[in-house]
Amino acid sequence: MTSAAAGEPLVRLAGVNKWYGDLHVLQDIDLTIDRGEVVVVIGPSGSGKSTLCRTINRLESIEQGEITIDGTPLPAEGKALAALRSDVGMVFQSFNLFAHKTILENVMLGPVKVRGKSKADAEKRARELLDRVGVGHQADKVPAQLSGGQQQRVAIARALAMDPKVMLFDEPTSALDPEMINEVLDVMTSLAREGMTMVVVTHEMGFARRAANRVVFMDGGRIVESSDPETFFTAPSSDRAKDFLSKILNH
Amino acid sequence: MQFISDNSDLLWSAFLTTLSLAVLSGLVALVLGTVLAAMRVSPVLPLRGLATFFVETFRNTPLTVVFFFLVFGIVQLDLQFPSRFTAAVAALGLYTAAFVCEAVRSGINAVPPGQAEAARALGLGFGQTLTTVVLPQAFRTVVPPLGNVWIALAKNTSIAAGFATTELTAALQRLTNSNGNQILLVFAVIVLAYLVITLPSAWAIRVIERKVAIIR
Chain P
354 MTSAAAGEPL VRLAGVNKWY GDLHVLQDID LTIDRGEVVV VIGPSGSGKS TLCRTINRLE
414 SIEQGEITID GTPLPAEGKA LAALRSDVGM VFQSFNLFAH KTILENVMLG PVKVRGKSKA
474 DAEKRARELL DRVGVGHQAD KVPAQLSGGQ QQRVAIARAL AMDPKVMLFD EPTSALDPEM
534 INEVLDVMTS LAREGMTMVV VTHEMGFARR AANRVVFMDG GRIVESSDPE TFFTAPSSDR
594 AKDFLSKILN H
Chain A
-1 MQFISDNSDL LWSAFLTTLS LAVLSGLVAL VLGTVLAAMR VSPVLPLRGL ATFFVETFRN
59 TPLTVVFFFL VFGIVQLDLQ FPSRFTAAVA ALGLYTAAFV CEAVRSGINA VPPGQAEAAR
119 ALGLGFGQTL TTVVLPQAFR TVVPPLGNVW IALAKNTSIA AGFATTELTA ALQRLTNSNG
179 NQILLVFAVI VLAYLVITLP SAWAIRVIER KVAIIR
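The listed protein sequences derive, respectively, from chains P and A. Per the numbering used here, the first sequence starts with residue 354, numbered consecutively. Per the numbering used here, the second sequence starts with residue -1, numbered consecutively.
These aren't lab readings, by the way, just hints derived from the structure by calculation. Worth double-checking, as some hints may not be accurate.
Straight-line distance between alpha carbons at most 27 Å, and here's what the computed DSSO-like set of lysine-lysine pairs gives [unchecked claim]:
| no. | chain 1 | residue 1 | chain 2 | residue 2 |
| --- | --- | --- | --- | --- |
| 1 | P | Lys494 | A | Lys153 |
| 2 | P | Lys472 | A | Lys209 |
| 3 | P | Lys595 | P | Lys494 |
| 4 | P | Lys494 | P | Lys477 |
| 5 | P | Lys432 | P | Lys494 |
| 6 | A | Lys209 | P | Lys454 |
Next up, chain P with everything else stripped away, as it sits in the complex (with noise of 0.2 Å):
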C-alpha cells in the first residue's frame, strides 16, 4: 500500500517540537525506528519520555515537526488519523480496560468494530492471544477481576489482536507490584524475540539491556543520547546519563 521500501524506518520523527504553555516538553527531537527494533526510552520523570511516546500515535498533538509511519505522514485527526492508530498498538501505565467489558471482549473489540472481522474469527484469536499471555483462563471475567500484571497483558493482548506494525509501551509496568513486573516483562521479551517493532518507556534497566536494540536516553525534553545497550549501560558519553545512571544503578 505505501511506497517505503524495506530498508526504510518503520517510525521516522524529524524536528518535533512540543509546548504546554510555556514548558517546551519536546525539544528538536529527531528519532527513527526500524522494521523489528526495540528501542527503549529512558530518563528520570519530567524528561518527556511519555510525552514523546503518545506523540507517535498522536494521543499527544505536536506543534512542530514531522511524524511519519511506515512512510505516511500521521494525519492531524478524523478517519485517517483513526486508520493509522489501529496500526500503532498502544500499552499503557494504568492499564486502560474497559471497565464495561469482559476480558474477552476487550480483546475482540477493535477487531470487530475497526477491522470489521467477524465475532467468531475476532474470539478464536482473542482466545488464542489470551492464552499466549497466561490469561486465558480468566477471559470471561471483568477487568477489576484481574491483578495488575493480569491485568496488564491482557492490554498486550488486546493490542496484539489488531497485529499492529508497531507496539508503543507506555510505562508499562510503573503501576504494577514488584513481583507481577516480571510476568509482563517476559510477554514483551518473548515480542521483542519475535521481531515485533516496540519502542517502551521504561524504568526497568533489566529489560532494556536484555531485550533493546538501542536505548535512547532523554533529559529536559531533548534526547541526550542514543545508543546500543551494552555501550549506554558501561559506557555512557554524556554527563547527565553518568548521573542518572549512577543514582538507579548504585542500589
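Guided by the hints, dock chain A onto chain P, whose structure is given.
Structure of chain A alone, referenced to chain P:
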C-alpha cells in the same frame, strides 16, 4: 368514597394521561439529552456551542414559560402542535432534555480519560469511542441522578393542567370544585395516583443501579 366510583372514568384517564405524558416526554428527553451531551463533549466547536445554548436556554427558563411559548408563542410563527397533548410532550421533553444532558455529561466526565484514550488508540473514531466505551460507562454512573430527573419530570407533568390537558392535577381541580365537602379525600386520591408512578420508579432505579454497577 362514593365520588371515586362516580368519577372513576375521569380519574383513570387522567392517570393514563399523566403516565403517558411522563413516559413519552421522558423518552424524548433521554434521546435528545444524550445527543446534546455527546455534542457538548465533541471536538466540533459549533456543536458544542449549539448544545450549550440549548441547555442554558431550557434549564434557566421556567417550565410554565416553555409551555406558554410552545402553546401560544409559536402561533405567531405560524406554527402549531397538532394537539395540546403533543405540545405538552414537547415542552416537557425539551425542558427535561437539558437536565438529562447535564446528568449524562457528568457521567461522561466521570469515566476515566484512559478509557477513551485506549479506545482511540485501537483506532475507534470519536462516535465509536463514545457509543461503545464512554456512554455505556457514563450511563451506569448516572442512574441515580437520571432517576431524580425522571421523578421531577413525572411531577412536572402537572404544569400541563394549565394548558388544557386533563391529567391528574387538572382532575384534582375539577373534582375539588365539584366535591367541595370531600377536598381531603380528593387530595389523597390524586397524591396516591402520583405515588403509584413515582414510588415504583424510585424502587426500579435502585434495582437498575445495583444491576449495572461496574466493578472498578
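Problem set entry | P:Lys595 paired with P:Lys494 [C-alpha distance capped at 27 Å] | Measuring from Cα to Cα gives roughly 46 Å; hence the hint is violated.
For this session: Assess, step by step, whether the Cα of A:Lys209 is no farther than 27 Å from the Cα of P:Lys454, and give holds or violated.
Result: Distance ~14 Å between A:Lys209 and P:Lys454 Cα, so the pair holds.
Exercise. For the pair supplied as a hint, P:Lys472 and A:Lys209, is the alpha-carbon distance within the 27 Å limit?
Worked result: 26 Å, holds
Exercise. Are P:Lys432 and P:Lys494 close enough, with their CA atoms no more than 27 Å apart?
Worked result: Measuring from Cα to Cα gives roughly 32 Å; hence the hint is violated.
Exercise. Is P:Lys494 within 27 Å of A:Lys153, Cα to Cα?
Worked result: 41 Å, violated
Exercise. CA of P:Lys494 to CA of P:Lys477, is that 27 Å or under?
Worked result: 17 Å, holds
Going through the hint list in order, the structure does not satisfy hints 1, 3, 5.
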